[in-house]
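*Asks:* Protein chains in written order, with the numbering used here: chain G, 1 to 138; chain W, 1 to 219; chain Y, 1 to 361.
It is worth saying that the hints were derived from the structure and are not from the lab.
Remember, it's a predicted structure, so these values are computed and weren't measured experimentally.
Using N, Cα and C, we set each Cβ at its ideal position, and we do this for glycine too.
Treat the hints with care, since some could be wrong.
A few chain W residues that face chain Y, going by a derived Cβ cut-off under 10 Å, partial list only [as the list claims (entries may be wrong)]:
1) Asp16
2) Ile21
3) Val23
4) Leu27
5) Phe31
6) Gln94
7) His167
8) Ser204
9) Trp206
10) Asn208
What follows is a set of in silico ranges between Cβ atoms, one per label pair, in the way DEER data are often shown [said to hold, decoys possible]:
11) Gly15/Y with Gly64/G: 48 to 54 Å
12) Ser285/Y with Gly64/G: 54 to 60 Å
13) Ala36/G with Gly291/Y: 41 to 47 Å
Here is what each chain is made of, one letter per residue.
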Amino acid sequence: MKSQTIPIYAQTDAAYSIGNLGALLSEISARLTNLAENGEAGMIDLNSLPFAPGEYEQLRQTLGQGEVSAHIEAIGPSEIIETGYPGVWWVTHYNVEGDIVADMLEIAHIPEILKSQAADIAEGLELLRAQLNDKGQP
Amino acid sequence: MNDDLLLTWVRSTGLDISIGIFVLGTLLRLFEIYSLGRKTDLAVPRHRSGASGLHTMFRRSAPPPGMFKRSPVSYVGGYIFHIGLFVVVFLFAQHIKLIQSLTGLSWPNLPAQFIDAAAVVTLATMLLVLAERINKPVKRFLSTFGDYAAWALTFLPVLTGYLATKHLLLPYTMMLALHILSAELLLVFIPFTKLFHVFTLWGSRWYNGNVNGKKGVPV
Amino acid sequence: MNGHETLGERLAQQGVSRRAFLKFCTAMASLMALPPGSATAIAEALVKAKRPSVIWLSFQECTGCTESLTRSYSPTLESLIFDMISLDYHHTLQAASGYGAEKSREDAMQRFFGKYLLLVDGSIPFKDNGIYSTIAGRTNLDLLQEAAKGAAAIIAVGTCAAFGGIPNAKPNPTGAMAVSDIIKDKPIINISGCPPIPAVITGVLAHYLTFGGLPELDELGRPKSFYGETIHDRCYRRPFYDQGKFAKTFDDEGARNGWCLFELGCKGPTTHNACATTKWNGATSFPIESGHGCLGCSEPHFWDAGSFYSALSMPSSPLNLVTDAAVAGAAVGIGVSVANRMKKNSAKSAHVTATIADLKK
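All chains should be built: construct the whole structure from the sequences, respecting the hints.
*Replies:* Right under this line is the structure:
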């Protein structure tokens, strides 16, 4: 086929659904039930799921944005939002160049990464005590 | 030999050899059968409407009077699985691609769900037809190794093809390699078994109709 | 050379917070297809691990595997892997060169004999005593055999090291072989792909460091967590394959609608890799999503499996025998026919007319 006979169209952002979304929402619902009734947290790794172009955006629209959004800077940014469904958090980790290195839904009271880590607390405490000691010196 | 190597072999050397044998065998047998000719019939041919080679070619597509009642499975089953084979072999996009690469011809394909259904119907019908052959005493008595072999050679490609597209039984690469291998086996044996009716069917019907038509009898 | 302290100590030295490390472990868990909740356990295990020595030997290769792994020099989460290991020898990345670099390698191998991780990329030429690829005057074959003696495990990075790759393609002029063809007595992980997905390389390293052993391998020695499924199994265009909707040429209507690329030569159904889920360039896309069929680059002998644009149902090489077979068939057919006719004619001429008188005799 000659290239002249293939018509050229501008790229459109047509979204189409293959049906992956329904299954995912069912799983979210099941885990949220688990959280509500047993207090058990859960995570869903979005990287491993096949999404047709547009389905990922549809997921964003369906889950929406809730009251909380948080930003972390730790070897690259991380964005955390609570979706429109309390208890369903969307956690996205980026590296310094802005590539996604982890993308997940965390169904919990609060995502693990937002909590202050024991080792960091210990280190910070040491520094604070050292500061106080310094200030204490005349 | 691992799966990938076997697949590449059946797609190259295996295909070459099997198509080579198929072409060689077909030409050989066509020459062999049609070169003998027939003794000239010196009688004056009689004419009777409906008695000719052409008429017989089409008339024999229907069962002779009374035969349908005696063996409906043969006729219904036979038609169903032949049509099923045609649909699966010639209207499946992947096969059309193969034919296009060998001959340059191509045509539109049917949606895969239709091919799936046709494959299942063909497999079921072929099993039924085999069961008939085994259960009916006369048929069983008349059946030889060649009959069962021809059945198996035709059944296996449809079965392995279906298993491959549905990702059943074996990992896909091996299943596909086995499917292509079974199709190549079928090709190799077509010229040398009763499966050669693919080429000789119409000629045989025409000949019978023609010879008897000259005697004034529609067959 | 660098000290081989624990990873936790090294992170503290570099001012990397535990939260940042937890983020890294979350990324690793995602890469290794482990349950996302295992990140905490991974962090705890890794923090106590001593940094093992790693020796990277590059043989008959194009450096694509190293390129794939090291996309930039600014600190990224992937490059943190290199802080988890002590990379004691690597041609492209090391600062040392010449005899100094070779001495450094020999020292590391001696000091950590039996414990270092050996990474190999590129195939090993075997013909003519392996003269076709040498480093510092020694053949690759020699170097590999020596380095393998003291290795705890060998990771063959890329299809060349895993299966022979492009040098191994017909007619294989250098006699290129895979690592597993030469070394038989050490555990070998094959990370195939041309190149492999960088996340897969780092994921396997992370697995080795976290769990201290090899992940579960398939019959070709590839880690099942990344190579357990085919591209076809996880392809988002699968519904189109199942419906029989195929793109017929690049950029036609079907292609624009994202239909299956089977007819354009996609080898997805026979190729085991993680491209459809892990994807490339930081999960941006993968070949099929960009509109080109899979080449099958993580399978052995994929260079000899026919055109990249021939569908799996098409022949992988042109047919050679058909014309000869046709001529032979016709010739034999004619020969048989002639023989039959002669038989017929001789029978006719040998025919003796009998009369009733003859019969009465």
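*Asks:* Each hint: holds or not?
*Replies:* Verification of the supplied hints:
{"no.": "1", "hint": "Asp16", "verdict": "holds (5 Å)"}
{"no.": "2", "hint": "Ile21", "verdict": "holds (7 Å)"}
{"no.": "3", "hint": "Val23", "verdict": "holds (5 Å)"}
{"no.": "4", "hint": "Leu27", "verdict": "holds (3 Å)"}
{"no.": "5", "hint": "Phe31", "verdict": "holds (3 Å)"}
{"no.": "6", "hint": "Gln94", "verdict": "holds (4 Å)"}
{"no.": "7", "hint": "His167", "verdict": "holds (8 Å)"}
{"no.": "8", "hint": "Ser204", "verdict": "violated (18 Å)"}
{"no.": "9", "hint": "Trp206", "verdict": "violated (20 Å)"}
{"no.": "10", "hint": "Asn208", "verdict": "violated (21 Å)"}
{"no.": "11", "hint": "Gly15/Y with Gly64/G: 48 to 54 Å", "verdict": "violated (37 Å)"}
{"no.": "12", "hint": "Ser285/Y with Gly64/G: 54 to 60 Å", "verdict": "violated (26 Å)"}
{"no.": "13", "hint": "Ala36/G with Gly291/Y: 41 to 47 Å", "verdict": "holds (44 Å)"}
Of the numbered hints given earlier, the model fails hints 8, 9, 10, 11, 12; all others are met.
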